[in-house]
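Using the hints, put the two chains back together into the complex; each one sits in its own frame.
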Amino acid sequence: MTAEVLLSVTNLTKHFPGRGGTVRAVDNVSFSISRGETLALVGESGSGKSTTARLVLRLLEATSGAVEFDGVDVLHAGRAELRTLRRQMQIVFQDPYASLDPVHRVEKALMEPFAIHGIGSRHEQRASVASLLERVGLDPAMGRRFPSEFSGGQRQRIAIARAIALEPSLVVCDEPVSALDVSIQAQVLNLLRRLQIDLGLTYLFISHDLSVVRHIADRVAVMYLGEIVELADCDAFFSNPRHPYSLSLLSAVPHPDPVVERSRDRIVLRGDLPSPSNPPSGCRFRTRCWKAEDICATQPPLLAADARGHAVACHFPEGTTRASGSGL
Amino acid sequence: MSDSADHPLLEVRNLVTRFSTQEGDLIAVDGISFDIERGQRFGIVGESGSGKSATLWSIIGLIDPPGSVVADRISFDGVDMLGMSREERRRIRGSRIGFVMQDPLAALSPVFTVGEQIAETIRCHESVSRSEAKRRAIEILDSVGIPDAAERVRTYPHELSGGMRQRVAIAIALACNPALVIADEPTTALDVTIQAQVLELLEELCKERGVAVLVVTHDLGVIGRFADHVAVMYAGRIVEQGPTEQLLRSPRHPYTEALLVSQPRLDSERRAELPAIPGAPPNLLRRTPGCAFQPRCHRSNGRERCCEDDPVLHAVEAEHASACHFSDELGEIGAASRDG
Numbered sequence: 001m002t003a004e005v006l007l008s009v010t011n012l013t014k015h016f017p018g019r020g021g022t023v024r025a026v027d028n029v030s031f032s033i034s035r036g037e038t039l040a041l042v043g044e045s046g047s048g049k050s051t052t053a054r055l056v057l058r059l060l061e062a063t064s065g066a067v068e069f070d071g072v073d074v075l076h077a078g079r080a081e082l083r084t085l086r087r088q089m090q091i092v093f094q095d096p097y098a099s100l101d102p103v104h105r106v107e108k109a110l111m112e113p114f115a116i117h118g119i120g121s122r123h124e125q126r127a128s129v130a131s132l133l134e135r136v137g138l139d140p141a142m143g144r145r146f147p148s149e150f151s152g153g154q155r156q157r158i159a160i161a162r163a164i165a166l167e168p169s170l171v172v173c174d175e176p177v178s179a180l181d182v183s184i185q186a187q188v189l190n191l192l193r194r195l196q197i198d199l200g201l202t203y204l205f206i207s208h209d210l211s212v213v214r215h216i217a218d219r220v221a222v223m224y225l226g227e228i229v230e231l232a233d234c235d236a237f238f239s240n241p242r243h244p245y246s247l248s249l250l251s252a253v254p255h256p257d258p259v260v261e262r263s264r265d266r267i268v269l270r271g272d273l274p275s276p277s278n279p280p281s282g283c284r285f286r287t288r289c290w291k292a293e294d295i296c297a298t299q300p301p302l303l304a305a306d307a308r309g310h311a312v313a314c315h316f317p318e319g320t321t322r323a324s325g326s327g328l
Numbered sequence: 001m002s003d004s005a006d007h008p009l010l011e012v013r014n015l016v017t018r019f020s021t022q023e024g025d026l027i028a029v030d031g032i033s034f035d036i037e038r039g040q041r042f043g044i045v046g047e048s049g050s051g052k053s054a055t056l057w058s059i060i061g062l063i064d065p066p067g068s069v070v071a072d073r074i075s076f077d078g079v080d081m082l083g084m085s086r087e088e089r090r091r092i093r094g095s096r097i098g099f100v101m102q103d104p105l106a107a108l109s110p111v112f113t114v115g116e117q118i119a120e121t122i123r124c125h126e127s128v129s130r131s132e133a134k135r136r137a138i139e140i141l142d143s144v145g146i147p148d149a150a151e152r153v154r155t156y157p158h159e160l161s162g163g164m165r166q167r168v169a170i171a172i173a174l175a176c177n178p179a180l181v182i183a184d185e186p187t188t189a190l191d192v193t194i195q196a197q198v199l200e201l202l203e204e205l206c207k208e209r210g211v212a213v214l215v216v217t218h219d220l221g222v223i224g225r226f227a228d229h230v231a232v233m234y235a236g237r238i239v240e241q242g243p244t245e246q247l248l249r250s251p252r253h254p255y256t257e258a259l260l261v262s263q264p265r266l267d268s269e270r271r272a273e274l275p276a277i278p279g280a281p282p283n284l285l286r287r288t289p290g291c292a293f294q295p296r297c298h299r300s301n302g303r304e305r306c307c308e309d310d311p312v313l314h315a316v317e318a319e320h321a322s323a324c325h326f327s328d329e330l331g332e333i334g335a336a337s338r339d340g
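Chains A and B, in that order, are what the protein sequence lines are.
Going by the working numbering, the first sequence opens with residue 1, and the numbers climb by one from there.
Going by the working numbering, the second sequence opens with residue 1, and the numbers climb by one from there.
Careful: at least some of the hints might be erroneous.
[Claimed, not checked] Example chain B residues on the side facing chain A (calculated, C-beta under 7 Å, incomplete): (1) Ser-161; (2) Glu-245; (3) Val-261; (4) Arg-265; (5) Leu-274; (6) Pro-282.
Keep in mind that the hints were calculated from the coordinates and are not lab data.
Heads up, the beta-carbon is just placed ideally off N, CA and C, and yes, glycines get one too.
So that you can see chain B by itself, here it is in the shape it has in the complex (with noise of 0.2 Å):
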């Protein structure tokens, strides 16, 4: 590959993902843009319908009719991922991206031991014999956790517990060394002692191999506990994006602002009343002019700009932009929503 230096891991420029329905186009990712580093967590935070997995998937290549992709530029280690073939595409998955799905039990196979799935990956991508991928398969379960792992390849994805089965799913991710693991919702099915011990595992293992992580989730916890740098999804777009603890801490745009100050935490003083969000989200089918979240939100007061002019994506601080035309007014919400 290119010398790693002066590129991004990972560039995205303008994507747009489409869908054609009887009703017409819908716009599921509508034109973004980031980037991600070498070693970088990155997390991607937005509801259902947001488009952060639509993102995904776009950039793996794994959008099918009705849907389409198209982009200015994705590149995976300077290398342009939308002019390959889907055999050049099948390559790099597995092997230079690795995958963990939110629900482990379906990415698994139900009738291979999970040593086999393991030992398959790796033989998928590089030419070792059954027994160094067997090997490796071991090496790599008790890398991930699993106790008596030379045991345990002989166990079918049934016979485990849900963290277990993430933790294979991991190993399979990790299998052929990646540079960039992509994941959704990693931890969304699982239980709350149990997401903490996968996300502890993640965070290690790729601090350790240099794995960089793109992280899709609708829980700002886990981004919190676990990203370096936020993009916040909107109706398909990116509406503000920076480093995780100053977005989190003085967001700009009242969507992030809202989402943090509506949810109940175990430091917030209890109220009868939580500051909700109200409505939903927009219809992706019918888009009007203006801020998507213009007729949510709780500062746009109807002001005409907000009614009018698509925002665009403007730096208000070193490497923090915000898609709000009033970004200037939002300030730290800390103390506000920590101390009640």
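Excised from the complex, chain A in its bound form (with noise of 0.2 Å):
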């Protein structure tokens, strides 16, 4: 694929300051987005994910590296650049309870992305929202209500419109759908998927959950303890994952039916997430790790690609090709 990179980020580094030492939130994570791809960063609880969106829009200031958005600086620019920016790079939050206000009517909500960038008259805008409304699959009479009149879907829904509203091309998705009741999960998902294709959007999708990733990502980024540790196509990643967290990740995600999931074998990893304050040397995954031996302490591994791009930081990767979804 020789599309064009619309979001380059290169060796960005965020360290929180700490009472038991520096937290080393995101360290040294490089990836780059082209136009139109949707790139998932999969990862349990601290490891970093969502603090890597919120450092590649901004809403955080990096401790170090770069972040190339469509040809700009995005680190270093100033105020008026980063206006400009924002109108290009839009979030949408896990929570749709906490995301939208419950004063304001939901026009309004909508109404504001284009009173802050000064587009067009109210009357203009009114109908900006009533479109926006109907794109996501809401009732455009539906704007005069307040948020707490709808349900958790529905709400999402709307905060996918102000996510659009002035048409970024790109978009991060911060867990839209873990919130959600699993039977709206679907139509969601589905909703993010159309409006990437009529919309030409690139996706940034952040997500605990491999299978709904399988579902709608093009490239795959697995983190651990604020690094990449592996990094690679969809299709490529699912049927051949190469570090071992990836293969602890996938092997738990728990199988509907269970005559499957009582006969696979399943790996269950040791203990807990280590401190990002105080993380392992070497290796940060060794000490969680079945294949870890003494290089894994001593040296850390780096992230390598083979000659497809995929690309895994492990001194013992998985190597030989293994059949689709066997024992997973």
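This is the structure we're talking about:
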């Protein structure tokens, strides 16, 4: 694929000062996303995936590294430049109950982006809001209502409408379906997919749910304790995961078919995530890894890609091609 | 207690839980019945508002006004729980019935060490000495896989990770050797790799001790992994019930079927569009006649019976029941959804 790179992140790092020492929330993270593509950032709580997203949007200031969006240096952009950038980069949060102001009618919440950027007359803004609501599958008349009158799924549609209001090119989706009921998740995933096709959106999709990621992503980056440990095309990742941590994540997803579930080999990791203020030496995953040897404690493995661009940071990655879905 | 062979461990008959609100009565649980046998792992699966948690709270007597609970029978080990005084119920809770909640941090006290909290549970229900209670606390922490239990009894909940806290909560639930453990979304707040550990632990311990578990969850994966019998709730009612394997492979209610196929899975074919369930769950304040799932059902096609007659839960096979008028039209979805 020789698609145009829209977002490129290089050695992005964020350290928070903490009582127990510096918390290395994001450490030397590099990736790029092509226009129209979906890159999923996968990991557990504390892996740094949400922090990475906030650094990219400059909702948090990075400690070091570089973020280039459509040719613009995001981390050094001035106020005016940042304002223009923000039209182009939007975010949908996990919790649609927290992301909408309860005292504002939905219409007002959706007119705000236009008002802030001084786009159109009030009349034009209203018309835009109506078509936005329609676009996300809601009745335009619903704009007169307050957020409390909507279900979780509808609120998430509103949050998505607000994110796409100014026709951005990049939308960060931070666990956009995790707080929704199972029967509603598929609706919202379908909507995100449709919008991507219709509007040519690029997604940075953050999730802990690998089934969802497999459905929506083109490429997958797995994070562990602030670092990317594996980065690959979606198909390659799910058919041939190479990092032991990726294997354990895939293995932990419970399967709704009890026959499959009971017959498969599960990898159950020992112990908990170590503290990010005092990560293990060498490979950060080694304290929970069943393959760890002496070298893992002394030499941090580098993220290295094979000929097809499948990158893994492990001294002993899984090598042989596995039959699709076997044992997982 | 009475002899154990002739009645189920937990018997629930026609349980109705309602909350009076300014807009009228909200019927959260609408006449459900089920049994849990000794040592059984029984799952209730449903979405928010389906009544699954209200069912739990009703059984153990934790619904307070403006909520009210009526039932033909709720009995535990042959003893009627509805007629019990608050004090009698309190004595059963924590000793014969243990609990594991979704958020262990909310369930544990921040100002006592985990050892003190386990020991207190024991001393609350049994007359043992302080030192004996402490010895048992260490023993049980060790059995839930907490390393250096003798040391860890002195830690406070905030010093532990989420997974460790849930282990402590399980330790407390099992401290007095209960016959039933009730677990409300026990793994929802945990990361996937920790979820797997906690489910495995709960399963092992309950098998070892012959404890029955009632687990409530929104996650069909947890059900498939853990439960041997499952009830699917929708809008306050059980719409389908049966042995887990049979129910998940050959669901006989369109809601169960739709839930199963709408979820992206690791082994399903990747499709552009997921077969989503349209609409949203109904408003429980304004019940309409007919089947509550009808407006969202992909099989109803507006058939008169679905819109007018209230479907009742009826046997479709041994132990397998469905509340769909047209349950005969459903069969194994396995092939279709598994292989795309």
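These are the hints, each one checked on the structure:
1. Ser-161: At about 4 Å, which falls below the 7 Å cut-off, the nearest Cβ of chain A leaves the hint on Ser-161(B) intact, so it holds.
2. Glu-245: holds (5 Å)
3. Val-261: Because about 9 Å separates Val-261(B) from the closest Cβ in chain A, which is outside the 7 Å limit, the hint is violated.
4. Arg-265: With a closest approach of 5 Å, the Arg-265(B) hint holds.
5. Leu-274: holds (4 Å)
6. Pro-282: Status violated, d = 11 Å.
Checked against the numbered hints listed earlier, the structure breaks hints 3, 6; every other hint is satisfied.
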